[in-house]
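Participant: Kindly generate the complete structure, drawing on both the sequences and the hints.
Protein chains in written order, with the numbering used here: chain A, 1 to 394; chain B, 1 to 383.
The hints are simulated quantities; they were obtained by calculation from the structure and are not laboratory data. Check each hint, because a few of them may be wrong.
[Said to hold, decoys possible] Straight-line C-alpha distance at most 20 Å; calculated SDA-like pairs for lysine to any residue:
| # | chain 1 | residue 1 | chain 2 | residue 2 |
| --- | --- | --- | --- | --- |
| 1 | A | Lys386 | B | Asn260 |
| 2 | A | Lys386 | B | Thr263 |
| 3 | A | Lys386 | B | Met256 |
| 4 | A | Lys53 | A | Gly68 |
| 5 | A | Lys182 | A | Gly229 |
| 6 | A | Lys224 | A | Leu152 |
| 7 | A | Lys386 | B | Gln332 |
| 8 | A | Lys386 | B | Ala277 |
| 9 | A | Lys386 | B | Gln276 |
| 10 | A | Lys386 | B | Arg281 |
| 11 | A | Lys386 | B | Arg265 |
[Claimed, not checked] A short, non-exhaustive set of chain B residues, derived as facing chain A with CB atoms under 7 Å:
| # | residue |
| --- | --- |
| 12 | Glu49 |
| 13 | Leu298 |
| 14 | Ile317 |
| 15 | Phe372 |
Here a beta-carbon is modelled for each residue, glycine too, at the ideal position from N, C-alpha and C.
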Amino acid sequence: MDISFSAEHEAFRQEVRDYITGALPPELARKAEADAEFEHAEVMSWHRILAQKGWAAPHWPKQHGGPGWDAARRFIFSEEIELSGAPRLSPFGLAMVGPLIIQFGSDYQKQRFLPKILAGEEVWCQGYSEPNAGSDLASLQLRAEDRGDHFLLNGQKTWTTYAQYADFIFVLARTNGEAKKKQEGISFILCDMSSEGLTVKPFLTTGGTHAFCETWFENVKVPKEHLVGELNQGWTMAKALLGHERTLVAGIGISSRALLRAKRIARDTMSDGRRLLDDPVIRQEIAALELRLESLKMANFRAIAGAQLGHAPGPESSILKLRGTEIQQACFDLCMKLMGMNSLTWFNEPGTVPDREHWVPSAFNYMRAATIYAGSNEIQKNIIAKLILGLPSA
Amino acid sequence: MDFELSEDQRLLVDSVQSFVKKDSPIERMRRLRDHEVGWEKSTWKQMAELGWLGVLFPESVGGSQLSFVEVGLIIEQLGTTLVPEPITALVTAGVPLWKLGNAEQHERYLSPALGGDTSLALAYLERDGRFDARQIATRAEKTASGYRLSGSKRWVQNGHAADHLVVSARTSGGPGDSDGVSLFLLDAGQPGLRRTTVKQMDGKKSAMLELEGVEVGAERLLGEPGAALPALELALDYGAAATCTEGAGVMQTVLMMTRNYLTERRQFGVPIGSFQALQHRAVDMFVETELAKSTAILAMLDVEAEDAAVRQRSISIAKAQLAESGGFVVRQGTQLHGGIGVTDEHDVGLYFKRMHVLSTLFGDAHFHTRRFASLPSFTRNVA
Numbered sequence: 001m002d003i004s005f006s007a008e009h010e011a012f013r014q015e016v017r018d019y020i021t022g023a024l025p026p027e028l029a030r031k032a033e034a035d036a037e038f039e040h041a042e043v044m045s046w047h048r049i050l051a052q053k054g055w056a057a058p059h060w061p062k063q064h065g066g067p068g069w070d071a072a073r074r075f076i077f078s079e080e081i082e083l084s085g086a087p088r089l090s091p092f093g094l095a096m097v098g099p100l101i102i103q104f105g106s107d108y109q110k111q112r113f114l115p116k117i118l119a120g121e122e123v124w125c126q127g128y129s130e131p132n133a134g135s136d137l138a139s140l141q142l143r144a145e146d147r148g149d150h151f152l153l154n155g156q157k158t159w160t161t162y163a164q165y166a167d168f169i170f171v172l173a174r175t176n177g178e179a180k181k182k183q184e185g186i187s188f189i190l191c192d193m194s195s196e197g198l199t200v201k202p203f204l205t206t207g208g209t210h211a212f213c214e215t216w217f218e219n220v221k222v223p224k225e226h227l228v229g230e231l232n233q234g235w236t237m238a239k240a241l242l243g244h245e246r247t248l249v250a251g252i253g254i255s256s257r258a259l260l261r262a263k264r265i266a267r268d269t270m271s272d273g274r275r276l277l278d279d280p281v282i283r284q285e286i287a288a289l290e291l292r293l294e295s296l297k298m299a300n301f302r303a304i305a306g307a308q309l310g311h312a313p314g315p316e317s318s319i320l321k322l323r324g325t326e327i328q329q330a331c332f333d334l335c336m337k338l339m340g341m342n343s344l345t346w347f348n349e350p351g352t353v354p355d356r357e358h359w360v361p362s363a364f365n366y367m368r369a370a371t372i373y374a375g376s377n378e379i380q381k382n383i384i385a386k387l388i389l390g391l392p393s394a
Numbered sequence: 001m002d003f004e005l006s007e008d009q010r011l012l013v014d015s016v017q018s019f020v021k022k023d024s025p026i027e028r029m030r031r032l033r034d035h036e037v038g039w040e041k042s043t044w045k046q047m048a049e050l051g052w053l054g055v056l057f058p059e060s061v062g063g064s065q066l067s068f069v070e071v072g073l074i075i076e077q078l079g080t081t082l083v084p085e086p087i088t089a090l091v092t093a094g095v096p097l098w099k100l101g102n103a104e105q106h107e108r109y110l111s112p113a114l115g116g117d118t119s120l121a122l123a124y125l126e127r128d129g130r131f132d133a134r135q136i137a138t139r140a141e142k143t144a145s146g147y148r149l150s151g152s153k154r155w156v157q158n159g160h161a162a163d164h165l166v167v168s169a170r171t172s173g174g175p176g177d178s179d180g181v182s183l184f185l186l187d188a189g190q191p192g193l194r195r196t197t198v199k200q201m202d203g204k205k206s207a208m209l210e211l212e213g214v215e216v217g218a219e220r221l222l223g224e225p226g227a228a229l230p231a232l233e234l235a236l237d238y239g240a241a242a243t244c245t246e247g248a249g250v251m252q253t254v255l256m257m258t259r260n261y262l263t264e265r266r267q268f269g270v271p272i273g274s275f276q277a278l279q280h281r282a283v284d285m286f287v288e289t290e291l292a293k294s295t296a297i298l299a300m301l302d303v304e305a306e307d308a309a310v311r312q313r314s315i316s317i318a319k320a321q322l323a324e325s326g327g328f329v330v331r332q333g334t335q336l337h338g339g340i341g342v343t344d345e346h347d348v349g350l351y352f353k354r355m356h357v358l359s360t361l362f363g364d365a366h367f368h369t370r371r372f373a374s375l376p377s378f379t380r381n382v383a
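Facilitator: Okay, structure coming up:
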C-alpha cells in the first residue's frame, strides 16, 4: 500500500499550478484572489484558454481532444483548478453530454457537437427535472412525438441551470407513454435552444444570482439525428451519464479553497484583542472541519486508486457526493460564523466588507443547492441502502 | 498511490479471519471478561507461532520486520471479535524498547515477548497529564548503581499482567518539559513496585502503579538519559494507529450486525429495514465506517513517516475521525437494535464499550484535534 502520489504525479501537480498562475488573465486572477464570483463570459474565456492548452476536457479520450490523463492526474488537475479559485467550467457539455456522446453518440453527433463543446464555442444545459418529476425523475412528462423526420417536443423542464446562456439542451423526453415500466419509455434527445417554441425564464436564486431556469417547449421540432442511443433507451443513457467521473464529485478542492478562505477571514478578523485564528475555540472548530475534509480526501484517494486500476467504483465512492456536499456547505457555514456582523452584508459597495467576504453570504445561500442537485442526498442514501447495504424495499 | 493488498497481505488477513472464527469468536471475549487476567497465555503463544507478534520488529530480535500495515491488518481483524490478547500493549512498549534499547535489552525483554512467552506494557500516563506524555512527575534519581524511581502511573494497558513494563520517569526538568524524559525497564515483581488491577468498561483489565523508591541498575535505562520523549511519542502514535485499525474492525462488525438486524426484525408486518428513516441511519453508519476505514489506512501508512510532523498530522486526523465516526456507529447501532441492544446478553453492547475505550486511548478527539491545529501545516498559506 502506498498513499502518496508518485513523483511524476507531484511534478504534474506543480506543472498545473505553474500553468494556472501564468495563464489566468490578471482580472480573473484578481477575482480569484478575492474569492469573487465570475460572470458567464469570464468562465467561457477561461474555458477557451484551457482549450487552447488542450486541458478543457481532462477525461475525454485523446482521439476526441482530451489530454489522455490517468485518474490521478484528472483528480490533481481538478483539485488544483478548484484550489486556485479560477473559474470552474460549466460541466453540462464537458462532463455530462460530451462523454455520453463519445460513448453512445452517432458519428454525426460526434462530429457536430464534440469539437464545439471542447472549444467552448457552444454552451450546454441539462433538461432532466420537471415540476412534477424531481427525485421521481422517471415520472417525467415532456413529450417527444415521432413526426417522421423529426420529434415534436411539448412540455416543461425545470432547474435547467444556466439555460439562459446555453446553445443546446439535452433532455430526457417521453417517447412511449404505453411502456410497462415508466423508465422504459424515455429517450435522450439533443435540442437547439434557438428552436422556435422554446422559452427560458431564469429563477433568481436565494444567492441573489440567476443560476437555474425554467424551460418551456411548445411544438419544438428536433431532427431525428439528435436522438442519442436507441429510442426508449434514455434511462440507460441517463444512468451512464451519471457514471462518468464519479471520483470528482466530492469537490475536495472546492472545500479546501473555502476552508482556506475561512482561515484567512479568521486571520484578518480581530476579537478580544487577538486574531480570531488564535482563539482556541475557533481554532478547534476550524480544525474539526478540516479533519472531516481530510478524511473524505482519503476516501476519495481510495476511489481514485481503484479507478487507476480500472476497477468499478467501490463502496467508498458512493459516499463522496454525500459527504462532499455536506462539507462544502459546512465550510461556508463556518465562513459566515467567522464574519460576525459582516455576514449580514448583501451585495454592497466594494469596501463595505473585505473583498474576501463580499460573496460569502451569496455562496452560503446558493450552497444549499449542493445537497439537492445531481440526485438529492436523500436519494443518494436510498440508493446506498438498496444497492450496497441490501436493505429491503418499502 | 495504491490501496490494494499484496498477495501476502491477503493471505495474512485470511489467516486472522479464520483464527477469529475458529479460535476466538466473540463468545471467547465474553467468557474472558470475568477472568482475572482477561486473556490467555496459550492463545498468546499461538499468536506468536502464527508469526503475528513479530511483524513490526527486526529479524535480529525474532521478528519479521514487514511494516505496520501488516500489524494494522491483524489488529483490524482481531477487532471484529474483540480478541483480548495484549497486542497493542506489545506494540507500544515494544517500539521504544526496539528503537532505544541495546542488544542485551532486546534479547532479555523484547525477544521473549515476540515469542509469546512474556507480555509487555507501557506505563506513561499520570494523574495530571491527561493524554500528554510530557506531563511526568515520576522521578528517577541517580543512585550509585543506577536509579531510584518514585511516582505513580495510571491506566496502564496490560499493566496488571505484563512481565516487563516500560515506565517513563524524569531524570531532569519538570512536568511538561520535553527534555529530561527517560524510559526504564521494570520487572513485574520489582521490589517497591505496587500494581493494583482495575477493571475497564470494555471487560479488560489494566493497572495503576505506585513506584515507591524502586531501585534499578543503570542497565534498565533505555537509550540516553533524558532523551526518550521522541521515542515515547512515536510509541503512542503507533498505539493510536493500532486503535484506529481495531476501530475499523469494530465499526464494520457493528454495521453488518445492524444491517442484518434491520433485515430480519419485523414490525408492522414488514422488515424494519424497509423504513426509510432507518435505512438512512444505516447509510450514515456506512458512510462513517468508510471514512474511518480510509483514515485508518492513512494512520497505518504514515505512522512510519520519517517526518514526525507528517506522522503526527496523519495520526491525529485518523484518531479524531475514529472518535467521531466510531462513536456515531456504535451509538446508532445500539439505537437501531432497540431494547435488546441495551442488554448485556446482546453483543452490540460489547462493541459499544470497546469503541469508547478505543476512542479514548492514546488521546481523544479533543487532544488530537488540538494537536492537528497546532502543527505548522494548519496555518500553511495563512499566517
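Participant: With reference to the structure, classify each hint as holding or not holding.
Facilitator: Status of each hint after checking the structure:
Straight-line distance between C-alpha atoms of A:Lys386 and B:Asn260 comes to about 13 Å, which keeps the hinted pair within the 20 Å bound. With a C-alpha separation of about 12 Å, the suggested pair A:Lys386 and B:Thr263 falls inside the 20 Å cut-off, and the hint holds. With a CA separation close to 14 Å, the supplied pair A:Lys386 and B:Met256 stays within the 20 Å bound. About 13 Å separates the Cα atoms of A:Lys53 and A:Gly68, which keeps this hinted pair within 20 Å; it holds.
As the CA atoms of A:Lys182 and A:Gly229 are separated by approximately 18 Å, the hinted pair is consistent with the 20 Å bound. Annotation: proposed proximity of A:Lys224 to A:Leu152 holds, straight-line Cα distance about 10 Å (limit 20 Å). For the suggested pair A:Lys386 and B:Gln332, the alpha carbons sit about 19 Å apart, so the restraint of at most 20 Å is met. Proximity of A:Lys386 to B:Ala277 is assessed by CA-CA distance (about 13 Å); at most 20 Å being required, the pair is judged to hold.
Restraint check: the Cα-Cα separation between A:Lys386 and B:Gln276 comes to about 11 Å, which is no more than 20 Å; the hinted pair holds. At most 20 Å may separate the alpha-carbon atoms for a hinted pair to count; A:Lys386 and B:Arg281 meet this at roughly 13 Å. Restraint check for A:Lys386 and B:Arg265: the C-alpha separation of about 17 Å stays at or below 20 Å, so the hint holds. Taken as an interface hint, B:Glu49 does not check out: its beta carbon lies about 26 Å from the nearest beta carbon of chain A, beyond 7 Å.
At a threshold of 7 Å, the smallest CB-CB gap from B:Leu298 to chain A is about 5 Å, leaving the interface hint in force. Residue-level restraint check for B:Ile317 holds (minimum Cβ-Cβ distance to chain A is 5 Å; threshold 7 Å). Below 7 Å, beta-carbon pairs count as interface contacts, and B:Phe372 has one with chain A at about 5 Å; its hint therefore holds.
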